[in-house]
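Construct the entire structure; sequences and hints are all you get.
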Amino acid sequence: MVEAEKRWNELIEPYKKVFQRDEDARCVRSILVEPLAKGFGVTIGSAMRRVLLSSLSGWAITRIKFRSTDMEFSSVPGMMQDVTDFVLNLKSLNLKGYFDQKKTFSFYAKGPCVVTAGMLAQEEALEVNNPEFVLGVLTQGGELDFEFTVEKGRGYVSSERFPRKNEPEIFLDAWFSPVRKVSFQVENARVGQNTDYEKLILRVETNGSVTPDEAVSEAADILRTQFGVFSLAPSSDESVQKSGDVQPVEDVEHKEHFPVDFYKPVSELDLSIRCLNCLKLENVTYVGDLVRLKEQDLMKTPNFGRKSFQDIQRILASMGLTLGMNVPNWPPKKVQKEEEKNDAS
Numbered sequence: 001m002v003e004a005e006k007r008w009n010e011l012i013e014p015y016k017k018v019f020q021r022d023e024d025a026r027c028v029r030s031i032l033v034e035p036l037a038k039g040f041g042v043t044i045g046s047a048m049r050r051v052l053l054s055s056l057s058g059w060a061i062t063r064i065k066f067r068s069t070d071m072e073f074s075s076v077p078g079m080m081q082d083v084t085d086f087v088l089n090l091k092s093l094n095l096k097g098y099f100d101q102k103k104t105f106s107f108y109a110k111g112p113c114v115v116t117a118g119m120l121a122q123e124e125a126l127e128v129n130n131p132e133f134v135l136g137v138l139t140q141g142g143e144l145d146f147e148f149t150v151e152k153g154r155g156y157v158s159s160e161r162f163p164r165k166n167e168p169e170i171f172l173d174a175w176f177s178p179v180r181k182v183s184f185q186v187e188n189a190r191v192g193q194n195t196d197y198e199k200l201i202l203r204v205e206t207n208g209s210v211t212p213d214e215a216v217s218e219a220a221d222i223l224r225t226q227f228g229v230f231s232l233a234p235s236s237d238e239s240v241q242k243s244g245d246v247q248p249v250e251d252v253e254h255k256e257h258f259p260v261d262f263y264k265p266v267s268e269l270d271l272s273i274r275c276l277n278c279l280k281l282e283n284v285t286y287v288g289d290l291v292r293l294k295e296q297d298l299m300k301t302p303n304f305g306r307k308s309f310q311d312i313q314r315i316l317a318s319m320g321l322t323l324g325m326n327v328p329n330w331p332p333k334k335v336q337k338e339e340e341k342n343d344a345s
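1 is the number of the first residue of the sequence shown in full-length UniProt numbering; add one for each residue after it.
Be aware that a few hints might be false.
[Stated by the list, open to error] Result set (DSSO-like, lysine-lysine): computed pairs, CA atoms no more than 27 Å apart in a straight line:
#1 Lys91 to Lys110
#2 Lys199 to Lys16
#3 Lys333 to Lys294
#4 Lys307 to Lys264
#5 Lys103 to Lys264
Derived from the structure by calculation, the hints contain no laboratory data.
Model, not experiment: these values are computed from the prediction.
Following this line, the structure appears as structure tokens:
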């Protein structure tokens, strides 16, 4: 066991550098990881690509029910597209939900008008990231009246897997993944005079419902969880509890173990007073507290809206951070004492 740990420690530790070559910074990102030991570029790149394309969670429309027709291959009076074309257009939407797992929405429009994707987001619980996408065209006197269900899932799910009721409904094949494309390339890298290393360039494109940084972070968390079952090494908590040469928690928890931005008070961020008050309700004092929260936790906070959520995402992304990060041993003792002191005052 000691020998295995020694061999592991001898591997050089890579770092991550994010750089941008594309116009759409939210949807496309290139990430450089170096230096890597020989062979690790393809190993890591292949694993990340597979998980990014197949295993991330996302949102999609899984069911629609027209009030004017009950046939998938019929037409809606006054709409230029038939039901089949309209359903195909719905499957092209880039959605993001602010609710738990599943929610049904209603939609109504009267012609003449062009029905766009953004018109579906009539509630704050649903966000459409390609709002200009045309779903259909209504002529004079035409009406479009239907309800649709948005669900959260992973990868691809066939319409046959969704439960059916004895109602005239149309179920859709759902592609939940928010990632559109992933590619990687491996190049040679140098460490000092040693050229026996590699660098990995990972390029990720999403549909806009999540940023590439968030997608990469989720994929890394999935792989870490799956690979953890093979590890014989104790967890960090177990290591700290062992006696012997290991220092107590009070001695090993110091600033160098966390990014410096973790210690920045959220009151210093460019956030609205309303948003800061919501964070105060969640006992969020530092950025380190904020990154541990998940999106669902924030959206359940009273008076917390989509604009505040987007502001937080933008600010964290500028620091190279995201929501929902796994941060063991946070907060450190010093931060705990400061928070207790503030609460007492």
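Checked hints:
Between the alpha carbons of Lys91 and Lys110 the distance comes to roughly 22 Å, so the proposed pair stays at or under 27 Å and holds. Our distance criterion of 27 Å between C-alpha atoms is met by Lys199 and Lys16, whose separation comes to about 10 Å. The suggested pairing of Lys333 with Lys294 holds, with an alpha-carbon distance near 23 Å, which does not exceed 27 Å. Among the hinted pairs, Lys307 with Lys264 is consistent with the structure: their alpha-carbon atoms are about 22 Å apart, no more than 27 Å.
Of the supplied pair hints, the one linking Lys103 and Lys264 is violated, its CA atoms being roughly 37 Å apart against a limit of 27 Å.
This entry does not satisfy hint 5, going by the numbered hints stated previously; all others are met.
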